[in-house]
Amino acid sequence: MMEKKKSSYEIQAAEEGTILPLHSLWRGLRANKLAMAGLTVLVFFIAIAIFAPLITPYAYDQGDLLNTNRPPSYKHWFGTDYGGRDIYTRIVYGARLSLWVGLASVLISVSVGSVMGLLAGYYGRWIDMLNSRLFDILLAFPSILLAIAIVAMLGPSLQNALLSIAIVNVPTFGRLIRSKVVSLKEEDFILAAKSIGMKDRRILFLHILPNCLTPIIVTGTMAIGTAILEAAALGFLGMGAQPPQPEWGKMLADSKDYLLKAPWTVLFPGLSIMLAVIGFNLVGDGLRDISDPRMKRG
Amino acid sequence: MLAYTLRRVAMLVPVLLGMSIIVFMIIHAIPGDPAVIILGQKATPEAIAELHASLGLNDPWYVQYFSYLKNIAGGDLGTSIQTKTAISKEIGPYLAATFELTVFSMLFAIFIGVNAGILSAWRRNSWFDYTAMLIALIGVSMPVFWLGLMEQWLFAQHLNWLPSIGRVNARDPVESISGFYVLDTILARRFDQLEDVFKHLVLPGIAMGTVPMAIIARITRAGMSEAMASEYIRTARSKGVHEFMVVYKHALKNAFIPILTVIGLQTGMLLGGAVLTETIFGWPGIGRYLYSAISARDYPVIQSGILVIAVIFVCINLVVDLLYAYFDPRIKHR
Chain A
1 MMEKKKSSYE
11 IQAAEEGTIL
21 PLHSLWRGLR
31 ANKLAMAGLT
41 VLVFFIAIAI
51 FAPLITPYAY
61 DQGDLLNTNR
71 PPSYKHWFGT
81 DYGGRDIYTR
91 IVYGARLSLW
101 VGLASVLISV
111 SVGSVMGLLA
121 GYYGRWIDML
131 NSRLFDILLA
141 FPSILLAIAI
151 VAMLGPSLQN
161 ALLSIAIVNV
171 PTFGRLIRSK
181 VVSLKEEDFI
191 LAAKSIGMKD
201 RRILFLHILP
211 NCLTPIIVTG
221 TMAIGTAILE
231 AAALGFLGMG
241 AQPPQPEWGK
251 MLADSKDYLL
261 KAPWTVLFPG
271 LSIMLAVIGF
281 NLVGDGLRDI
291 SDPRMKRG
Chain C
1 MLAYTLRRVA
11 MLVPVLLGMS
21 IIVFMIIHAI
31 PGDPAVIILG
41 QKATPEAIAE
51 LHASLGLNDP
61 WYVQYFSYLK
71 NIAGGDLGTS
81 IQTKTAISKE
91 IGPYLAATFE
101 LTVFSMLFAI
111 FIGVNAGILS
121 AWRRNSWFDY
131 TAMLIALIGV
141 SMPVFWLGLM
151 EQWLFAQHLN
161 WLPSIGRVNA
171 RDPVESISGF
181 YVLDTILARR
191 FDQLEDVFKH
201 LVLPGIAMGT
211 VPMAIIARIT
221 RAGMSEAMAS
231 EYIRTARSKG
241 VHEFMVVYKH
251 ALKNAFIPIL
261 TVIGLQTGML
271 LGGAVLTETI
281 FGWPGIGRYL
291 YSAISARDYP
301 VIQSGILVIA
311 VIFVCINLVV
321 DLLYAYFDPR
331 IKHR
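Quick note, the sequences are listed as chains A and C, same order. According to the numbering used here, the stretch in the first sequence is residues 1 to 298, in order. According to the numbering used here, the stretch in the second sequence is residues 1 to 334, in order.
Rather than coming from a laboratory, the hints here were simulated on the basis of the structure. Please note that the accuracy of each hint is not assured.
[What the hints assert, rightly or not] Here are the computed lysine-lysine pairs in the DSBU-like style, where the Cα-Cα straight-line distance is at most 30 Å: (1) C:Lys84 to C:Lys70; (2) A:Lys261 to C:Lys84; (3) C:Lys70 to A:Lys256; (4) A:Lys185 to A:Lys199; (5) A:Lys261 to A:Lys75; (6) A:Lys75 to A:Lys185.
[Unchecked claim] Which bits of chain C does chain A cover? Going by a derived footprint, with three or more residues having C-beta under 8 Å, they are: (7) 25–34; (8) 134–144; (9) 168–180; (10) 273–285.
By construction, the Cβ of each residue, glycine as well, lies at the ideal position given by its N, Cα and C atoms.
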């Protein structure tokens, strides 16, 4: 069977090592030990999130007021919190919330940012001007502050925290896609598509967008880690998850008054946030090294 | 350079206007009556009507926006609902406290971050390099507020080495002259108090400076690795220049522009992160001011606090861009 002939653009891109098809991204990732370690951490968190009810002995909101702030033991691996709730159970269920906020918020930012970036980069003129100014304005705030401002408008809840983090990250992806589109639209294969009368929508979503996939995946992976940190920060400030939701940042905020008496109530939720974020950062670093060899470390 | 500076400053106008719209919207996008949200469900109709009048909520939104814009342009940041004091009057000491903490954190971040990055690039793939980059990875992945809590537990509560909250021993307050306690204690020749002020700075300073430290270390390592591989470094070495001078004079000079940019950007980011660090360490800065306003639903303070931090952030970014253009003339022509 004849192999599908590659376009000159694909060959050039592969030679330059700037844009790679997904399977080579995976191949590169497998060769990178640190990235694989990160991926293992992520798979672990995803697994405990999925199988939470099977691997936890208690309900996450089941308190026992006779056993508050107990140290780690055989019955309670990570100890109990101020309400006598099992911290291990709450952390396992918390993985669901943190991964959900991280993934969902980045998916929203990628979708909205992609559409805005595609339109701005492809059509230029006033659409570009309008979008770019909007991105400038959103990027003019420190990200956590903008998220706080948005939650202050919408009211504190996990869903609004998710939405605010999504909005804060839109300009990152919007700008990324815009700059890619500006250079891609002058390429021969786009001019060819135009000359055979292909509609703009088809060109944008079938030809340009797939070529932006690699940078989206690289930036998106790192953005999930940042989103988890931001969600935890909002939770810590009381602007995210509400009781009795076992969100890691909220757990830290609730336990901070018992720091001296029961340090494990603060230790484990923080370690979980850190590990999950390290996982995303390692995979993100690895993907970046593969897609842009100039950035290669070590 | 002048033309570039003017163009860059002109670009700020739409950004600042946009920021004012977002901040203005904070109070107007609240679902329901903002006065009821602020005062709570049990507020009397008279109190609600009074707040409506004082916040100007009875006018159409565009009238409210333009009067808001006029006020902030004239330096009037509104009145705090909690303290009933003009925000522009009470915000000064908070800003000074945050400024002092930011400077301390950044000095820590720059000193450790730049040197660790340089040593890592110099001794690439050594144990030092691996350890430093592992610490940097943990640094960027760790929630600042958790690091702060852990520091408090270990150094303040467990070992009892350093104070865990506040800017100074509450029983011996600093007589404020400039609002910067390090400066004030030196001016008053109270060196015992200066030591106390420094001790109070250590834990929040390290907590706040860890993320920028990690990022600076990574960028420095990347930039220095590239610089160390260049021809002019080989030339310098072959001339017999001392290795220390090769690294700190020749290589660092060329790797410094991206490091400078990151230092600038991180300083701005710290202001956002101040909300978290200052809350944990009871640091009476702008972040804690904002946090207590959030808890009390003091919307005028939330609006002005966010606006002031964002304007400082934008100004820092402007300075970074101008410095970048100054050091790398190619930027101006893009």
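To see whether the hints hold, each was checked on the structure:
Among the hinted pairs, C:Lys84 with C:Lys70 is consistent with the structure: their alpha-carbon atoms are about 21 Å apart, no more than 30 Å. Distance check on the hinted pair: A:Lys261 and C:Lys84 sit about 38 Å apart at the alpha-carbon level, beyond 30 Å; violated. For a cut-off of 30 Å, the pair hint linking C:Lys70 to A:Lys256 is broken: about 42 Å separates their Cα positions. For the given pair, A:Lys185 sits about 14 Å from A:Lys199 by alpha-carbon distance, which is consistent with the 30 Å threshold.
Between A:Lys261 and A:Lys75 the alpha-carbon distance is near 19 Å, which keeps this suggested pair within the 30 Å criterion. Distance hint between A:Lys75 and A:Lys185 is unfulfilled; the C-alpha atoms sit about 62 Å from each other, more than 30 Å. With 5 residues having a Cβ less than 8 Å from any Cβ of chain A, the stretch 25–34 of chain C passes the three-residue criterion, so the hint holds. Chain A is given as covering the stretch 134–144 of chain C, and this holds because 7 residues of the stretch bring a CB closer than 8 Å to a CB of that chain, at least three being needed.
Counting residues of the stretch 168–180 of chain C whose CB falls under 8 Å from any CB of chain A gives 0; the rule of at least 3 is not met. Taking a C-beta to C-beta cut-off of 8 Å, the stretch 273–285 of chain C contributes 5 residues in contact with chain A, enough for the three needed, and the coverage statement holds.
When held up to the earlier numbered hints, the structure conflicts with 2, 3, 6, 9 and fits the remainder.
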